[in-house]
Amino acid sequence: DTGVSQDPRHKITKRGQNVTFRCDPISEHNRLYWYRQTLGQGPEFLTYFQNEAQLEKSRLLSDRFSAERPKGSFSTLEIQRTEQGDSAMYLCASSLERGGIGGTEAFFGQGTRLTVV
Amino acid sequence: AQKITQTQPGMFVQEKEAVTLDCTYDTSDQSYGLFWYKQPSSGEMIFLIYQGSYDEQNATEGRYSLNFQKARKSANLVISASQLGDSAMYFCAMREIGGNTPLVFGKGTRLSVIA
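So the protein sequences, as listed, match chains A and B. Note that the working numbering numbers the first sequence so that position 35 is 54, with each residue one more than the last. Note that the working numbering numbers the second sequence so that position 68 is 100, with each residue one more than the last.
Simulated from the structure, these hints should not be mistaken for lab results. Quick reminder that beta carbons are idealized off the backbone N, C-alpha and C, glycines included. Among the hints, erroneous ones may be present.
[Stated by the list, open to error] If you only want the chain A side, here are some residues facing chain B, beta carbon under 8 angstroms, derived: (1) 52; (2) 108; (3) 125; (4) 126; (5) 127.
[Said to hold, decoys possible] From the structure, some residues in chain A lie toward chain B, with a derived Cβ separation under 8 angstroms: (6) 61; (7) 62; (8) 110; (9) 124; (10) 129.
Chain B on its own, in the form it takes in the complex:
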C-alpha cells in the first residue's frame, strides 16, 4: 500500500521568501509518480508539479520545484519568491505508474504568506 506523510500542518513564510513543504512517501512500487496540488480557499484542486520515480532531474515549473530524494523517499515542494496568492493548502500525492492504483494524498500543509 502507498502512504504519503506531510508532517507540517501549517507553515508561515514572508512574502518574496522561499519555503519548503515536506513530503515523505512509502511504496513498494518500482515505478511511481509524485504530485503536488494546491487547494485555495475556493476549494478547487490545482495541479502544480509532477516527478516520476525514474526521472533523474528534479522537476521544475516556474516558481515551483520538487526536491526529490529517492533514497530518503522524500519529495519536498519548494516555492520560490512567495506571493500572497500562494496562501492555500498544499497536498502531496502519489500513485503507481501504469498500474491500476488510485492517486493517494497526504493530509496537507496550510501555507500562509505574510506581507
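Isolated chain A, as found in the complex:
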C-alpha cells in the first residue's frame, strides 16, 4: 500500500458548479477524516468516518457539503454550488483505531487544491 491517495490533486471550477473529490485511505485503516486548510492556517476538521459510519460533522460543513464512505473503503467529498470562499486545500487522512489501545497517528494524503473562480 502506498499511503493515502487523493484525486484530483488540483481542481479549478467556476462559481456555482459542483465538485467531487475522492480519497483512498490506507487499506486496513478504519477511520477516515476530511480537513480543509486555507493559506497560513492549520487544518480545520470537516467530518470523519469510522468504517462506513459518519460519526461527526463540523459546523464548517454547510448543507452544500456532503461526504460518503459507502463501503468503508474510499470516501468522496462533494461541494455543491461552489463559492469563492470554498477555495482551499482539502486534506484526507486515515488511521487505525484499536479501541483505546494507545493513540494512533493519522496519515495524510497530498490533498486536493480547489480554486473557485
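Model the placement of chain B on the given structure of chain A, informed by the hints.
Below, chain B alone, put in the same frame as chain A:
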C-alpha cells in the same frame, strides 16, 4: 472541547542548532494523545512524533523530542541539530484516546533554518 495554541507564527534557527516550538493545549479528557506534524512547501502532512497523556517518558524520534509537561498542559517540540530541510510549517495536534473525537490542530509555526 479541545484546543491547541501555538503562539509562535514564525521561528528562525541557525543550521546545526536546536530549536523549541511551543504548543499548549486545553482539554477535559483524561486520556489523550498529542501529535506533531511537519508540512513542507510541497503540502503533504508528515507525522513526526506522538505523546500519550499517560506516558511517563517524553517521546523521542531521532532528532525530534517532545517536552511534555502535563501540569502546564504543554507539549513542545524540540528539534536538535537543525538541518536546512527542516524548514517547514509545524503543527501540533491532539485528540482523545479511544473516543470518537477528531484530531484538532493548532495554527502552526513556520520554521526557517538559516545556513
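Now for the hints, and whether the structure bears them out:
1. The interface hint given for residue 52 of chain A holds, since its Cβ lies 6 angstroms from the closest Cβ of chain B, which is under the 8 angstroms cut-off.
2. This hint holds: residue 108 of chain A has a C-beta 7 angstroms from the nearest C-beta of chain B, less than the 8 angstroms allowed.
3. Interface restraint check: residue 125 of chain A against chain B, minimum CB-CB distance 6 angstroms, threshold 8 angstroms, status holds.
4. Hint status for residue 126 of chain A: holds, given a least beta-carbon distance of 7 angstroms to chain B, under 8 angstroms.
5. For residue 127 of chain A, the interface hint holds, since its Cβ comes within 8 angstroms of a Cβ in chain B; the closest pair sits about 4 angstroms apart.
6. Evaluation of the residue 61 of chain A hint against chain B yields a held restraint, the C-beta minimum of about 4 angstroms falling below 8 angstroms.
7. Interface restraint check for residue 62 of chain A: the shortest CB-CB distance to chain B comes to about 5 angstroms, inside 8 angstroms, so the restraint holds.
8. Using the Cβ-Cβ criterion of 8 angstroms, the hint placing residue 110 of chain A at the interface with chain B is satisfied: the shortest such distance is roughly 7 angstroms.
9. The restraint placing residue 124 of chain A at the interface with chain B holds, with a minimum CB-CB distance near 4 angstroms, inside the 8 angstroms limit.
10. Residue-level restraint check for residue 129 of chain A holds (minimum Cβ-Cβ distance to chain B is 5 angstroms; threshold 8 angstroms).
The structure is consistent with each of the numbered hints, conforming to all of them.
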